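Engineer: In case you want the letters, here they are:
There are 4 protein chains.
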Amino acid sequence: MSNEDRAAIFTYGGGPVTVSPRTLAGFGQPVPFEYDPSYLKRFKDVERKVAEIFETDQDVVIMQGEAVLGLEAAVKGLCREGMTALNLVSGIFGKLFGDWMRALGVEVIEIEAEWNDSIDPADVKRKLDEHPEIELVVVVQSETPSGTVNPVDEIGPIAHEAGALTIVDAVSSFGGSPVRTAEWNLDITVAGPQKCVGGSPGLSFVSVSDRAWEAMSSNPGAPRSSFLSLLDWKERWIDAGRKRFPHVTSVVDINGTDAALDEFLEDGLEESIARHDLAARACRAGVEAMGLELWAAREEIASHAVTAVTVPEGISNQAVISHIRSAYDVMLSDGELGEMIDRVIRIGHSGPVSRSLNPIVALTALGQGLSDFGVPVEIGAGVEAAMQVLRQPVEEDGAAAFA
Amino acid sequence: MSNEDRAAIFTYGGGPVTVSPRTLAGFGQPVPFEYDPSYLKRFKDVERKVAEIFETDQDVVIMQGEAVLGLEAAVKGLCREGMTALNLVSGIFGKLFGDWMRALGVEVIEIEAEWNDSIDPADVKRKLDEHPEIELVVVVQSETPSGTVNPVDEIGPIAHEAGALTIVDAVSSFGGSPVRTAEWNLDITVAGPQKCVGGSPGLSFVSVSDRAWEAMSSNPGAPRSSFLSLLDWKERWIDAGRKRFPHVTSVVDINGTDAALDEFLEDGLEESIARHDLAARACRAGVEAMGLELWAAREEIASHAVTAVTVPEGISNQAVISHIRSAYDVMLSDGELGEMIDRVIRIGHSGPVSRSLNPIVALTALGQGLSDFGVPVEIGAGVEAAMQVLRQPVEEDGAAAFA
Amino acid sequence: MSNEDRAAIFTYGGGPVTVSPRTLAGFGQPVPFEYDPSYLKRFKDVERKVAEIFETDQDVVIMQGEAVLGLEAAVKGLCREGMTALNLVSGIFGKLFGDWMRALGVEVIEIEAEWNDSIDPADVKRKLDEHPEIELVVVVQSETPSGTVNPVDEIGPIAHEAGALTIVDAVSSFGGSPVRTAEWNLDITVAGPQKCVGGSPGLSFVSVSDRAWEAMSSNPGAPRSSFLSLLDWKERWIDAGRKRFPHVTSVVDINGTDAALDEFLEDGLEESIARHDLAARACRAGVEAMGLELWAAREEIASHAVTAVTVPEGISNQAVISHIRSAYDVMLSDGELGEMIDRVIRIGHSGPVSRSLNPIVALTALGQGLSDFGVPVEIGAGVEAAMQVLRQPVEEDGAAAFA
Amino acid sequence: MSNEDRAAIFTYGGGPVTVSPRTLAGFGQPVPFEYDPSYLKRFKDVERKVAEIFETDQDVVIMQGEAVLGLEAAVKGLCREGMTALNLVSGIFGKLFGDWMRALGVEVIEIEAEWNDSIDPADVKRKLDEHPEIELVVVVQSETPSGTVNPVDEIGPIAHEAGALTIVDAVSSFGGSPVRTAEWNLDITVAGPQKCVGGSPGLSFVSVSDRAWEAMSSNPGAPRSSFLSLLDWKERWIDAGRKRFPHVTSVVDINGTDAALDEFLEDGLEESIARHDLAARACRAGVEAMGLELWAAREEIASHAVTAVTVPEGISNQAVISHIRSAYDVMLSDGELGEMIDRVIRIGHSGPVSRSLNPIVALTALGQGLSDFGVPVEIGAGVEAAMQVLRQPVEEDGAAAFA
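Taken in order, these protein sequences are the chains called X, C, Z and B.
Sequential numbering of the first sequence, starting at 54, is according to our numbering.
Sequential numbering of the second sequence, starting at 54, is according to our numbering.
Sequential numbering of the third sequence, starting at 54, is according to our numbering.
Sequential numbering of the fourth sequence, starting at 54, is according to our numbering.
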């Protein structure tokens, strides 16, 4: 059997991420009838657990498709022809938001940063001051294809103060970086189970503020009786006492996601954020010590979820990734979408692979793979630098064992 | 632990259906990166296997949400403001199609049958003759909430001859009754893994004829850059060599569905259809012998997937279902949607529960449950009648063992 | 795929029993190193949970082979050449005990009951009075092949009073009937996970009193440095602080058994005993109403774990069992060992299949199978009689729903 | 949740080894009745697959307990009081064999090598020439606690030529090094699923030659009617047409082992041996480049399954192992038994962890762990040396992608 007939032994990509055995067992649980009391209870539990990670008391809708469904639903729910929105673009997902809004007839004002950089909140404030007609600010907290983040902690309050609603793409920050929906006054945040909480793609998590529900309800173009409709969930599920779903739900995804969230919350949100940060720092230290270049312009804007490495001149990232997969049974990823596709190789460290020495495997695979293509790489130095980040002192009683 | 803290021991509902251990193990498999070669291969395998069950060579799109997504995508892909469509309504899903089309500005002509009956193909022919402007015929092959079927084998060719495209909702017939897409000239058939093939909700299977692709491509209103877009799948996936997905796919659903389809196809499509038919006949014989009434007006239009039983006068189906779940740990279902909700109790016999003596459990639970509410029910007679259908002769060598 | 290429859909045999999905997931958990702290903890947890079901505070040894290992280890640990033992024989396992003891040079006195009957405690008292040299009383609490039980609640105290040690085979009573080790003064009780607690064969549970440990320690012939040695477990594991196992343990069996015990104990021991009793009563009522004959001479000595049905004259139980498996995908069992093999067909109702309407499936399969061989069977009457046992009243609020 | 409440993320110990997801799914399969036709077929399949890896046509017995059961059964089956045996001791398992045989009254002649060295076949030949009364030669092919091997390929034929029977402990060589039972004339070889074939402990694989069966049958002391009896398996199972087991089998272990063997054989025996060799060489290169010392005296006698590293002076291996587990979530192992316990730290690379970059994780964990205790370790150099062993050239078409 070739190693291409089964999944790679180690997967470190932009996502879907490696899923823990406990969560896999969750996906493999028996499938109940959708109105079995145990399932209704579970569905509501998932909503509650997601809200806990969003750090919000507002409504959370679990839409039944991968997070891009939630993003599209949020935009289509809030956007009206002729309204003005401020779109903050620092990568491919930001660009996609602009395309969607323009197609809906929205007047889109954009602030664009370099795709290895992030949005300056001062620019946001200035733009909102200049354009009091702006009703909506759209921002990607973590641009997964670039491995960079935007300061939503500052942008959220600025937008709120200016009276604009916000849509925040928190897909790859959710669970790995703070997403303080309430504290930051975010109106719609969208995430999914398939990154830092260690689930798998298939659901959208959407938190919606009362102000956002009002805007949506009064928007004649907001999807209704549709797979894309947040309002269906509000009217048929939430407001009707959570007894009937607006359409059939993805039972297996709910089962597995519930297990992932349990595992996540037993460890704790703060612990998870710290762990993702640690793994990311180890990766970055390793990449630089190996003599490679990080895509992110600055350390402070690098993602906790994924580390993008600039592809060395003259090298095809596809060829390297394919060789690493075939020779070492390790799967890394490219830039995945649009203009990012061939500019980076990404090491994912979200979910279960944020633990233990996974960054060492990813760094060694990347280093060796590039070295096999003739790129000079200091693998040993990379591993040592990463271990300087990951190393932990011997505990008292352990130390005592040392003569 | 109350029995409401876990799934019922036996589930016989309209769906999601009970899933086999082998398929559950499929759902619990490791989650690969989406562009791992093993996953790309699997995704294409799923397409091929679905086409085999649709009995077609045309394109099959695996959309990443439950079958209602595929239904909505088909309607939005083919419908244009001002066009004329013929909608065949014999139940709640037929009604939903009409609502969707009217909301898109389609001129909808409807033929409506009683909701315990089916559409007469002669009426379809007549209507098409009267209205040559009809471009599209929409029909539900198997109305799951009512447990009734429409003769798509006749309607498909009639519509095709009249030059109209067809959209067929084959969700609960797929795998349990013939869906001869090619032979019957069906343009778009929509199904899902969560009924007779024994998977779980979360994907839409959509077969699309070349004629349908052409109509969609030239429809300016067809969804594009959207979760609802079939064209995205055609342009970014199929026509581009099946290398990149238009958006992130539901990996766990694909993994499990692949396992379900393998198990299904190893048994064989014809064997599965025969087995679903047998289970359905046993259920109907049992229901009638117990002294209860079938919802379907006639035996010939009863579904292979689910048997709807008319709720006896003065009885709340909810109360009975809830009592059966709590007292006997068996989950049956109501009519699930709209006007059907409180009119029937349904016994599902799709997928794994089409096997062995599952109909006996369902019949006994239903009979006892109703009896507990004071309805006179002949449980023993029902079981014996069902066994008359299921019984099999002793094989030669077995018989020889009998003195 | 023939239905003989996979496990039967429904399994109701003497054992191994059907295992719940949750326990199966336990078996499928990752395999840790044996001295991983999580595994050491789990192993000790299993010991504690088993002691809880044995209702004892004395040591529990988890031997690493199916329960017959524990039985052999108990006999070899306590028996010395020339000692006198009283063996109570009411079935095949009782007979096996006698063979083992005689092979070890023990003077064996036996009380034998008919194999469809049970031992009279008064006989035990009389024999102990007559033979004050008896040091050991050996008894099978539940003879699985015959589906009958002995009154260990009376025999245990009688033996204790007479100063004899006891070995009790509680394999198929454990978890389904009371096994009050402490209260009844039992010295060694042996059980396993594969019957009423819903696990799978592969481990022996052995509770050992201090008196039994003393006798074993002073027995020069007791196994040492052997897979059969209880003393190895005492000396290398228990007395040494539970840090190193005497030999490699069956990690997967421990993982799955721990899950089974959790599921069992969450429901509760008393609840489980009541449920096994109910299922057994339903089976017996059904068997008799169908016109078939129970093997057990009297209702009071029938097992909670398994119901043995006398094979009708002129019928081969093998042929019937094989036909039922092939025609209805239901697996029943024969008498399994020695002289019992062809005398009965057994319906197992231990573990998960003690729940819900499983007895109905087993009864219907048995009835139809025999009927297919020409035996006159009242299947409907059997199902109705069983349901009279299983039926439960509608709860208040449910009843209210009835007009 | 502390990381001690669940299994370590990475396990590299002497065994039980990490088990692949596919094999874990095998363990989690439904549990059939033992005489379900599907299970009888599976049991026989397992025998056949084991014989294939033993490279033999002789009988294979699958005993129902961890491999030490098979070892004890082999010794007790072949040994008689007063006979003479040659025991080859190069480690703790060799020593154990001697103890067992002496306890049975065997005249044991021993050749003992240093425990980091191996037996010289010339010594075996000389001893057999000197002692023509030797009837049995006992040898451990792979001493797991020391990570060293003996040349059974030479010893087997020498013993055979001298007319002696052989018992070979092949537990940790089976599947990772050649075990040519037929070609080398080995009479009894004992192995288990829990090392290089990637299963879990709970079964013994025992191949038995006709000559060995004869010797056992004529041995009055050979176990009979016992968990330890190979003869029970021969008489009640093999000779009786493989229809009834001598006692209840460990169904879950058989299920999972069958899956492990399938996965193993699909890859191929030769491929597996090459892969285990490669992982072992990478580990040894890494250990030496880090400045640490291998336990094995010479490269040629180092095991493919496990690499033992000498504990640096003044360091407690327990403290280091415990620190690595706690700080890095990686589980290594000590010397496990008797005198080996505190002399080494072992890196296991058997089964699934022989794949991909697992050796890098183990080496980095070991290196960092020792470094944390103040031992000077060149981690980077170790990783680079290991990668020099593991590196693979870029395939043609990949290379072409490099400018």
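Keep in mind that the hints were calculated from the coordinates and are not lab data.
All values derive from a computational prediction rather than experimental measurement.
Honestly, I wouldn't trust all of these hints.
Copies of the same chain are indistinguishable here, so a pair counts whether it falls within one copy or spans any two.
No farther apart than 25 Å at their CA atoms in a straight line, the calculated lysine to any residue pairs in the SDA-like style are these [stated by the list, open to error]:
1. Lys97 x Leu390
2. Lys94 x Arg179
3. Lys180 x Ile162
4. Lys97 x Gly344
5. Lys102 x Ile145
6. Lys94 x Gly367
7. Lys97 x Asp176
8. Lys94 x Asp315
9. Lys148 x Pro405
10. Lys97 x Arg75
11. Lys97 x Gly274
12. Lys94 x Arg59
13. Lys94 x Glu319
14. Lys94 x Asp320
15. Lys94 x Leu318
16. Lys287 x Pro185
17. Lys102 x Arg75
18. Lys180 x Asp170
19. Lys287 x Glu353
20. Lys296 x Leu390
21. Lys102 x Trp266
22. Lys97 x Lys180
23. Lys148 x Gly274
24. Lys180 x Arg59
25. Lys296 x Val447
Engineer: Work down the list of hints and note, for each, if the structure agrees.
Structural biologist: Hints and how they fare:
no., hint, result
1, Lys97 x Leu390, "between (34 Å within a copy, 21 Å between copies)"
2, Lys94 x Arg179, "neither (46 Å within a copy, 50 Å between copies)"
3, Lys180 x Ile162, "within (9 Å within a copy, 51 Å between copies)"
4, Lys97 x Gly344, "neither (49 Å within a copy, 39 Å between copies)"
5, Lys102 x Ile145, "neither (29 Å within a copy, 34 Å between copies)"
6, Lys94 x Gly367, "neither (55 Å within a copy, 29 Å between copies)"
7, Lys97 x Asp176, "neither (40 Å within a copy, 46 Å between copies)"
8, Lys94 x Asp315, "both (14 Å within a copy, 21 Å between copies)"
9, Lys148 x Pro405, "neither (30 Å within a copy, 43 Å between copies)"
10, Lys97 x Arg75, "both (21 Å within a copy, 21 Å between copies)"
11, Lys97 x Gly274, "neither (28 Å within a copy, 36 Å between copies)"
12, Lys94 x Arg59, "between (35 Å within a copy, 10 Å between copies)"
13, Lys94 x Glu319, "both (19 Å within a copy, 19 Å between copies)"
14, Lys94 x Asp320, "both (22 Å within a copy, 19 Å between copies)"
15, Lys94 x Leu318, "both (18 Å within a copy, 22 Å between copies)"
16, Lys287 x Pro185, "neither (30 Å within a copy, 41 Å between copies)"
17, Lys102 x Arg75, "both (17 Å within a copy, 22 Å between copies)"
18, Lys180 x Asp170, "within (19 Å within a copy, 62 Å between copies)"
19, Lys287 x Glu353, "neither (38 Å within a copy, 40 Å between copies)"
20, Lys296 x Leu390, "between (39 Å within a copy, 12 Å between copies)"
21, Lys102 x Trp266, "within (21 Å within a copy, 42 Å between copies)"
22, Lys97 x Lys180, "neither (40 Å within a copy, 47 Å between copies)"
23, Lys148 x Gly274, "both (22 Å within a copy, 22 Å between copies)"
24, Lys180 x Arg59, "neither (50 Å within a copy, 51 Å between copies)"
25, Lys296 x Val447, "between (53 Å within a copy, 22 Å between copies)"
Hints 2, 4, 5, 6, 7, 9, 11, 16, 19, 22 and 24 from the earlier list are contradicted by this structure; the remaining hints agree with it.
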